[in-house]
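Enquirer: One letter stands for each residue in the lines below.
Number of protein chains: 2
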Amino acid sequence: MTLHDVVDALNAHQRFLVTTHQNPDGDAVGSLLAMAHLLRAELDKYVVAVLPDPVAKRYRFLPGLNTLVLPRIAGKQGPFDALVTLDVSSPTRIGGVNDLIKPGMTRINIDHHVTNPRSDDVCWVNTEASATSEMVVDIYRELGAIPTPDVATALYTGILTDTGQFAFPSTTAKTLHAAAELVEQGAAHEQVALETYRKTEAKNVRALGQVISRMQLFDDDSFAISWVSHDELDVDHEGFVNTMLDIDTVEIAALIRPLDSGQWKLSMRSAGMVDVAELAKNVAGGGHPLAAGGTLKAADINSALASVTEMCLKALTSARG
Amino acid sequence: MTLHDVVDALNAHQRFLVTTHQNPDGDAVGSLLAMAHLLRAELDKYVVAVLPDPVAKRYRFLPGLNTLVLPRIAGKQGPFDALVTLDVSSPTRIGGVNDLIKPGMTRINIDHHVTNPRSDDVCWVNTEASATSEMVVDIYRELGAIPTPDVATALYTGILTDTGQFAFPSTTAKTLHAAAELVEQGAAHEQVALETYRKTEAKNVRALGQVISRMQLFDDDSFAISWVSHDELDVDHEGFVNTMLDIDTVEIAALIRPLDSGQWKLSMRSAGMVDVAELAKNVAGGGHPLAAGGTLKAADINSALASVTEMCLKALTSARG
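If you're matching them up, the sequences are chains A and W in order.
Under my numbering, the first residue of the first sequence carries the number 1, and numbering increases by one thereafter.
Under my numbering, the first residue of the second sequence carries the number 1, and numbering increases by one thereafter.
Hints in this document: simulated from the structure, not taken from any laboratory.
Every value quoted in this text rests on a predicted model; they were computed, and no experiment measured them.
Fair warning: there could be bad hints in the mix.
Note that identical chains are pooled: a pair holds if it fits in a single copy or bridges any two copies.
Taking lysine-lysine pairs in the DSS-like style, the calculated list, with each CA pair at most 30 Å apart, reads [stated by the list, open to error]:
#, residue 1, residue 2
1, Lys297, Lys265
2, Lys102, Lys314
3, Lys102, Lys45
4, Lys203, Lys314
5, Lys57, Lys199
6, Lys281, Lys265
7, Lys199, Lys281
8, Lys199, Lys314
9, Lys174, Lys199
10, Lys265, Lys203
11, Lys314, Lys297
12, Lys199, Lys265
13, Lys174, Lys76
So that you can see chain A by itself, here it is in the shape it has in the complex:
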């Protein structure tokens, strides 16, 4: 199924529930805002846009966020004859929005994830798109609709964050042309980059300093490991493991943080030599070859560090043959 099937399905229905995945990221919120606007303002539909979870702080600058509701509110605003899910790679990923789906509603899915099972009534899954927001740009173009500056800002946010500032291999010439069009249409590109990639809280910067200070390097600096302490658990530690991977000699970076009762969460990143998704199987986890994680048991942080270090050094030795 293609873009045209989705456009036909959008035209064919009147009362839309529009949503995205749990823990919504920039692409989820950006594509949701843009689709809700398209249906409401360009196609003159009744639209309720619902978020399964609240939006993370770094996306709160997005204009129009106050038009999104949580499932409890959306439930009172039905009935709906269609559900549009954006950036949702599996029907299980919409959390509390599932309870709002009634028999007879047409399910329309727009997504770019390779793992999408294409199980909805109408699906358009374009795995060549860098972001679902890039696909929504195509839908606007197909319908002859021009994004408002606010919508352009939302779509630019989706593309910028899903491509890691145009750095991931998923970035294509088409991605950059789409971004250029959005800037022409008034996307606040400077603000988007500042809010999503730079601004952070003091406690996050302080914790980064501590995590780096605790970093240990092994095996000619090819393995880096550090940990987040109990009193740093409220910080945004998302980028910390990548900071260790940025070291030019590092092949595997690992970050450990405490869970409850002797359990530890492990995040791993690989520069390419080792498939860390394979390694993650040893710790009841999984992921991608270059980014994976899992959970391990250990009496204290030192034994957690020791067992992860042993596992990773073995993998490096064996990868070198």
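For chain A, the structure is supplied; the task is to place chain W on it using the hints.
Expert: Coordinates of chain W only, in the frame set by chain A:
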């Protein structure tokens, strides 16, 4: 003078010395490599491409770097009938290349800096361009030349680094369209982002951890200050002050590092409320409203920290009126 005057001047000469500014950045090296290739391979000219200074480590991945020479070598390869300077905002910024300029050589300047005095024989200064590399893309297009993948990589590097990964206000729709074309032409965009914005040495990451750990916040976290120690002077501290400015409450970030004999170098960044170029006048320095620096005298790091803190807190109080 315009693009056409530059193209005419390139066509009218045969033996070119091509250069860029001292301490060459990504745009300097990228535009230099692309112009040298254009003259040599597309216009069939004799070309010596000379760098006033060696290239920083993060740009050493650039293909074709071994075709660039230092002034000592270039001097033996003349005579030349034209000098092309790229990204050079003032004739004083080409260091040892000045000694190679002989009477009768036509000076051609291609640049995007607002401060350019336009004093060369032929100048094209486009202050709307995000990078000199973006202007070189225009020259290729004007001449009907298509960048090779290596040249596309060089030009993409220039644009990416001069726009802070497409984040600075100088980024326009034209910039992003140019980047898209370069990706179409084979620019190794993923590698460029990795080499220029991520890869770093272990010592730099360790020093960042130390500098953050020493960070002090004042005045409801609106002023952040830290310092680089004597044994960290060999690290690449370029981004450290920006990391402090990234804190959402910070209005001024300041970083001090030791010079010789009781002198200290101060770098300041502003989020907008205070003009730090004005502040820098107090410490024999200057710069831009949002990024400035200077030098101060102090007996030890603690008195240097104290005097900078006093100056910045006063400026914040007065800015708040």
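Enquirer: Looking back at the hints listed earlier, which ones does the structure fail to meet?
Expert: 2 and 13
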